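Colleague: Sequence lines, in order, name chains U and H. With our numbering as the guide, the letters of the first sequence map in order to residues 1 to 115. With our numbering as the guide, the letters of the second sequence map in order to residues 1 to 112.
Just so you know, these hints were derived from the structure itself, not from any lab. The structure displayed is predicted, hence computed values, not measured ones. All C-beta atoms in this analysis are idealised placements derived from N, C-alpha and C, irrespective of residue type, glycine included. Among the hints, erroneous ones may be present.
Simulated crosslink set (SDA-like; lysine to any residue; CA at most 20 angstroms straight-line) [said to hold, decoys possible]:
id, chain 1, residue 1, chain 2, residue 2
1, H, 104, U, 28
2, H, 104, U, 40
3, U, 71, U, 88
Listing some non-contacts, in silico: residues in chain H with all C-beta distances to chain U over 12 angstroms [unchecked claim]:
id, residue
4, 66
5, 81
6, 107
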Amino acid sequence: DTGVSQDPRHKITKRGQNVTFRCDPISEHNRLYWYRQTLGQGPEFLTYFQNEAQLEKSRLLSDRFSAERPKGSFSTLEIQRTEQGDSAMYLCASSPRGKRDTEAFFGQGTRLTVV
Amino acid sequence: GEDVEQSLFLSVREGDSSVINCTYTDSSSTYLYWYKQEPGAGLQLLTYIFSNMDMKQDQRLTVLLNKKDKHLSLRIADTQTGDSAIYFCAESTQYGNNRLAFGKGNQVVVIP
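Generate the whole structure from the sequences, applying the supplied hints.
Modeller: As structure tokens, then:
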């Protein structure tokens, strides 16, 4: 198992463009999380999936953001009409079901720069 | 609501112990975590403690929890240059064990 994988690692986009990020969780992990981390801050929760169901969304997730996990495996996070304030590291995490559900494993993140 | 506070910077000599502190506000937190983040990397889970415990030791790491004061600390014994990183404490929230609220992080620099 190679851990949580995120793609791309870096993305530079012009303001107003749409971007999409992908997260592949650890296989058989049924829970998947998206966090956003801005410079000098800790990660902030964005949204959470259990299997294919999106169970929780933060107030930070404006209507320009949409996340999907269509088959309960990989997930995508799309940002439409990007703004400079969207520049951040977007982190994905996954956790298993059962007794070990306390352990969340993070990917390397996708660093987005909006110019 | 959740609010996790950490001090910002710690410099320590190689071989010494380092202690990182954190305070949190959500008394309903079930688990408290310590994560490590190296430059350009994601977060690595170091250890976590259940809220009904006072202390947990894991090799060079010792976690102390003072639930009354909502204070969490991480002690790293025999600090090594590979321990240079940003350390985040995080609390689970009322919304579930893995919906975490993180502090701003504490940068640890180990001087050889």
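Colleague: Does residue 28 of chain U sit within 20 angstroms of residue 104 of chain H, going by the straight-line distance between their CA atoms?
Modeller: Answer violated: residue 104 of chain H to residue 28 of chain U is near 31 angstroms, above 20 angstroms.
Colleague: Holds or violated: is the Cβ of residue 81 of chain H farther than 12 angstroms from all Cβ atoms of chain U?
Modeller: The claim holds: residue 81 of chain H sits with its nearest Cβ about 22 angstroms from chain U, beyond 12 angstroms.
Colleague: Does the claim that residue 107 of chain H lies off the interface hold, with its Cβ farther than 12 angstroms from every Cβ of chain U?
Modeller: violated (10 angstroms)
Colleague: Below or equal to 20 angstroms on CA atoms is what counts here, so check residue 104 of chain H against residue 40 of chain U.
Modeller: holds (7 angstroms)
Colleague: According to the definition I'm using, a residue is off the interface if its beta carbon is farther than 12 angstroms from all beta carbons of the partner; does residue 66 of chain H meet that for chain U?
Modeller: holds (20 angstroms)
Colleague: For the pair we were handed, residue 71 of chain U and residue 88 of chain U, check the Cα-Cα distance against 20 angstroms.
Modeller: Violated. Residue 71 of chain U to residue 88 of chain U sits at ~27 angstroms, over the 20 angstroms cutoff.
Of the hints listed earlier, those the structure fails to meet are numbers 1, 3, 6, in rising order.
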